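One line per chain: the protein sequences are A and B, in this order.
In case it helps, the working numbering puts the first sequence at residues 4 to 284.
In case it helps, the working numbering puts the second sequence at residues 199 to 452.
To be clear, the hints were calculated from the coordinates, so they are not data collected in a lab.
Please read all numbers here as calculations on a predicted model, not as lab measurements.
Where hints are given, some of them may not hold.
[Unchecked claim] Listed below are the simulated SDA-like cross-link pairs for lysine to any residue, each with C-alpha atoms no more than 25 Å apart in a straight line:
#1 B:LYS353 - A:PHE15
#2 A:LYS6 - B:LYS200
#3 B:LYS200 - A:SER188
#4 B:LYS200 - A:PHE15
#5 A:LYS6 - B:ALA359
#6 B:LYS229 - A:THR9
#7 B:LYS200 - A:ALA187
#8 A:LYS6 - B:ALA360
#9 B:LYS353 - A:SER188
#10 A:LYS6 - B:SER364
#11 B:LYS353 - A:ARG201
#12 B:LYS200 - A:THR9
#13 A:LYS6 - B:LEU258
Letter by letter, the chains look like this.
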Amino acid sequence: MSKLPTRFWLTFLPPAFWMLGLYFVPLLVLLGYAFLRHEYVAVIREFTWENFAQIFSNLGYRHTLSRTVMIATLVTVINTLLAFPVAYCIVRYGNRWRGVLTVLVVLPIWSSYLVRVFAWRIILGYNGVLNSFLVSVGILSEPTTLFLYNQFSMVITLCYVWLPFMILPLVSAFERVPGRLLEASADLGAAPGYTFWRITFPLVMPGFLAGALSVFSLTMGDYITPALVGGSGDILVGNIVASQYGVADNWPLGSALAMVVLLILFGLIAVLSRVGSLENA
Amino acid sequence: MKWLLIGIASLVGAFLYLPIAIIILFSFSQKRVLSLPITGWTFDWYHQVITDTRLQLGLLHSLQVAAIAVPISAILGTLAALAVQRYDFWGRNLFRSAVALPITLPGIIMGVAMLSFFSSLDVPLGLPTLIVGHATFGFPVVFSTVAARVARLPKSLEEAAADLGSTPWQAFWRVIFPALRSALLAGVLLAFALSFDEIIVTIFLTGQQNTLPMEIWARLRFGLTPEINAIVTLILLVSVGVVLASQRLSQNES
Numbered sequence: 004m005s006k007l008p009t010r011f012w013l014t015f016l017p018p019a020f021w022m023l024g025l026y027f028v029p030l031l032v033l034l035g036y037a038f039l040r041h042e043y044v045a046v047i048r049e050f051t052w053e054n055f056a057q058i059f060s061n062l063g064y065r066h067t068l069s070r071t072v073m074i075a076t077l078v079t080v081i082n083t084l085l086a087f088p089v090a091y092c093i094v095r096y097g098n099r100w101r102g103v104l105t106v107l108v109v110l111p112i113w114s115s116y117l118v119r120v121f122a123w124r125i126i127l128g129y130n131g132v133l134n135s136f137l138v139s140v141g142i143l144s145e146p147t148t149l150f151l152y153n154q155f156s157m158v159i160t161l162c163y164v165w166l167p168f169m170i171l172p173l174v175s176a177f178e179r180v181p182g183r184l185l186e187a188s189a190d191l192g193a194a195p196g197y198t199f200w201r202i203t204f205p206l207v208m209p210g211f212l213a214g215a216l217s218v219f220s221l222t223m224g225d226y227i228t229p230a231l232v233g234g235s236g237d238i239l240v241g242n243i244v245a246s247q248y249g250v251a252d253n254w255p256l257g258s259a260l261a262m263v264v265l266l267i268l269f270g271l272i273a274v275l276s277r278v279g280s281l282e283n284a
Numbered sequence: 199m200k201w202l203l204i205g206i207a208s209l210v211g212a213f214l215y216l217p218i219a220i221i222i223l224f225s226f227s228q229k230r231v232l233s234l235p236i237t238g239w240t241f242d243w244y245h246q247v248i249t250d251t252r253l254q255l256g257l258l259h260s261l262q263v264a265a266i267a268v269p270i271s272a273i274l275g276t277l278a279a280l281a282v283q284r285y286d287f288w289g290r291n292l293f294r295s296a297v298a299l300p301i302t303l304p305g306i307i308m309g310v311a312m313l314s315f316f317s318s319l320d321v322p323l324g325l326p327t328l329i330v331g332h333a334t335f336g337f338p339v340v341f342s343t344v345a346a347r348v349a350r351l352p353k354s355l356e357e358a359a360a361d362l363g364s365t366p367w368q369a370f371w372r373v374i375f376p377a378l379r380s381a382l383l384a385g386v387l388l389a390f391a392l393s394f395d396e397i398i399v400t401i402f403l404t405g406q407q408n409t410l411p412m413e414i415w416a417r418l419r420f421g422l423t424p425e426i427n428a429i430v431t432l433i434l435l436v437s438v439g440v441v442l443a444s445q446r447l448s449q450n451e452s
């Protein structure tokens, strides 16, 4: 490689230093905290595995971790089922509306996340839209509290807020499938369903994996949705991390938990990039 | 099969927009309790929101943070995009994925990492720490929109400028920058929309001065009050306007 010009260093160094100093160093500090001892209200600068031992011996933490992984998986699966028909229809049948429809899907990503979580409280609450509708139609004789503050409301809301992150990479993946391949497959006598499984699906796989990874990772780190629409027993690991950095005030334990989440995500990224080509859609 | 798929897709589309429609509807409802049927219409909640001094202060802080964080994101994102697209250097792909990490990994990780970092340096939390956080997740957003544009600019543009006797600096400002301008503006608008609504990282890095989403978050935890629908509708209006403008810009000239 030839020697890089000064102009390169002028463009490369400022962003590289910012990322290094203000993102990667903080991540290392976080990692450091996970190995510090916590006693009463003080952090003692002494190396220990205690925080990780505590996470894996405490039943509550273990259950929360496995519940978080399960709910993140469930949300990813549901969003896959919802996103495929939408992305397929936008690309296949969208014609000149394709651009507009894609923007309509993206719009919610950039409009207040807090607002979109909050909406489900209005819909599912005791006085909510769903209850008043069901009572007025006569399906329920009186409103029920069954809809809100449980795992059901939490999963619906999580699916809702993260769905666009699955649709968007799928739309660009479907757009890149060459139409000639589908025609060739049809010419050779394959039924549309067969063509989808053997031609289209493998081609959109990288986009799908990118979307699935986003949805899984965003759910793994969420603590706002469980706090606003989940039940008191349905907290996710993000809630424990947030409370260790807040009222519970045990930063070493909180950072050890954050490290476990990070490890799960890096493990998943490693597996996915081995299985299929994971690309930035 | 075709109509079945379109039917399912339309239902999912309704699922995406129904909750937003409901919030907008209730922001004009007279009743204090958010329930159907809506018995009367009013602008009172909007009036209440506009005259609420705590919300005004929150809005001011949000704008102050964005006013500094977004330009930082714009500069860093553009530089990184030029570095990645114009030069072949060792670790280029690593650099490209590293830059995307703040929006790839969940926000809570960045939130607690920066909180630990600032506290270990005894930096007090406040608007400056928020600005650093918001600039860091805005940077990858600007990077991805600008990098996509730079990738399409032929290298011959700069070579032509050089042949005609311009210095690299002149070539950048008179040839490259004008070609990037609309993509950069699109990225800046997205970074602004993100910063204006952000809550997950913000919670960890805020000191005494609440931003607008922090103010809403504080109110949401004490229960439902109808004026929230009005605030939220106004925020939605700002975000949607900003995002639509951004989409327009990134589709122009492409």
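| task | Tell me, in ascending order, the numbers of any earlier hints that this structure violates. | result | Of the numbered hints, 2, 4, 6, 9, 11, 12 and 13 do not hold.
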